[in-house]
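One letter stands for each residue in the lines below.
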Amino acid sequence: MKYLLFFFHFYKTFIAWSIIISILIGLLNPQYIPAIVTKFFLILFAWYVTNETSAKRKLTFYKNMGISPIYLFISLLFVDSVFTIFIIFLFKTF
Amino acid sequence: MVLEVDNIELNFKHKRILSGIYVKAEMGSVTGILGGNGSGKSSLFNIIFGNLKPKYKLVRINGEPILKPLYKTGLVKYLPQYHFVPIGIKIRNIFKLFNVCWSDFVQSFETFEKYKNQKINKLSSGERRVVETYIILKSKSTITILDEPFSHIAPLYVETIINLICEEKERKIILISDHLYKHIIDSADQIYLLKNGTTKEINNLRNLEDYKYLNDGQLD
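Those sequence lines, one after another, are chains A and B. Quick note on numbering: my numbering labels position 51 of the first sequence as 51, and the sequence is numbered without any gaps. Quick note on numbering: my numbering labels position 153 of the second sequence as 153, and the sequence is numbered without any gaps.
Check the hints yourself; a few may be wrong.
One-sided and incomplete, this derived list gives chain B residues near chain A with beta-carbon spacing under 7 Å [claimed, not checked]: (1) K68; (2) Y71; (3) G74; (4) Y82; (5) F84; (6) V85.
With a Cα cut of at most 30 Å, we get these calculated DSS-like pairs of lysine-lysine [stated by the list, open to error]: (7) B:K24 - A:K56; (8) A:K56 - B:K195; (9) B:K140 - B:K119; (10) A:K12 - B:K116.
If you are wondering where the hints come from, they were derived from the structure by calculation, not from laboratory data. The beta carbon of each residue, even a glycine, is placed where N, CA and C say it ideally should be.
The task is simple: from the sequences and hints, build the whole structure.
This is the structure we're talking about:
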């Protein structure tokens, strides 16, 4: 439960961008696999940027609860993929 | 419980930052790390916590080597020099997340009562430091690392924090570093000086002058 709350705080920083990108994918090519692959590479890029810049400091908050960055980013990929599938589903349906 | 750190070698490009480190910290005592600017105190703390990967390191708890980053064990809490709590989180939520009692906090720091429902970024830098130091000190852990806990903090609060450190040391291993050396001398039970990338145990405070960390006569 506590992990979920920490993850929610982490996800909050990405959610606006995630919605925008999901809507763009939905408008341009509403297909599940390409959408998830796109999200995978974007999250990989976010992980790289976080590790190589001062944004890395923000991870200390989560590390203090024993949560490693790799867990955070894998959880991010999982939750964001589910969210993306839902948005693509909406685009395909309507 | 005993935490030992040794065999650390840290280089940045071709510059050697740390080598020949040995620090032993025990539960029930506060271990102070002193050192000039750029001596590697924060790097040492980052290595112990697991934020920074050196060329070599050996961290042991009760003689057992810890091969994964220490933070992954869930035993350690670390107060870095920078503000580590993300902006946008309400103060009461930070206390909930770290399982720290808000009412105990306002008993020690009465002026903070009005901030309960405020977001952390609404506080001044010093006030934010007080909140961060408190949650790190009071949340459940076995090892607490405090990097410059007194910086930007009002003298009135410094005294309270020193008292809290003395309370918490009974059940924790506490590692502390600060440029306000008098506070470290007052609160630490053992002191290491970090100089030329190595640690020197300080058994006599006069050694701080001998090693040129302090000017001659500064302790008088």
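query: Does the interface hint hold: is V85 of chain B within less than 7 Å of chain A, judged Cβ to Cβ?
result: V85 of chain B check passes; min Cβ-Cβ to chain A is 6 Å, inside 7 Å.
query: Measuring from the C-beta of F84 of chain B to each C-beta in chain A, is the shortest one below 7 Å?
result: holds (4 Å)
task: Starting from K140 of chain B, check that the Cα of K119 of chain B is at most 30 Å away, please.
output: holds (23 Å)
- request: Would you settle whether the hint for Y71 of chain B is holds or violated, based on the nearest Cβ-Cβ distance to chain A being less than 7 Å?
  value: holds (4 Å)
message: Min Cβ distance, G74 of chain B to chain A: is it shorter than 7 Å?
response: holds (4 Å)
message: With the threshold set at 30 Å, check whether the alpha-carbon distance from K12 of chain A to K116 of chain B stays at or below it.
response: holds (21 Å)
Pairwise hint evaluation, K195 of chain B against K56 of chain A, where the allowed Cα distance is 30 Å at most: Holds: K56 of chain A and K195 of chain B sit about 27 Å apart, inside 30 Å.
message: Tell me if the interface restraint on Y82 of chain B is satisfied: Cβ within less than 7 Å of some Cβ in chain A.
response: Since the shortest Cβ distance to chain A is 5 Å, the answer is holds.
field: Hint check: 7 Å Cβ-Cβ cutoff, K68 of chain B to chain A
entry: Check failed: Cβ of K68 of chain B comes no nearer than 9 Å to chain A, outside 7 Å.
field: Given pair status - K56 of chain A, K24 of chain B, alpha carbons within 30 Å
entry: Answer holds: K24 of chain B to K56 of chain A is near 28 Å, not above 30 Å.
Of the numbered hints listed earlier, the single one contradicted by the structure is hint 1.
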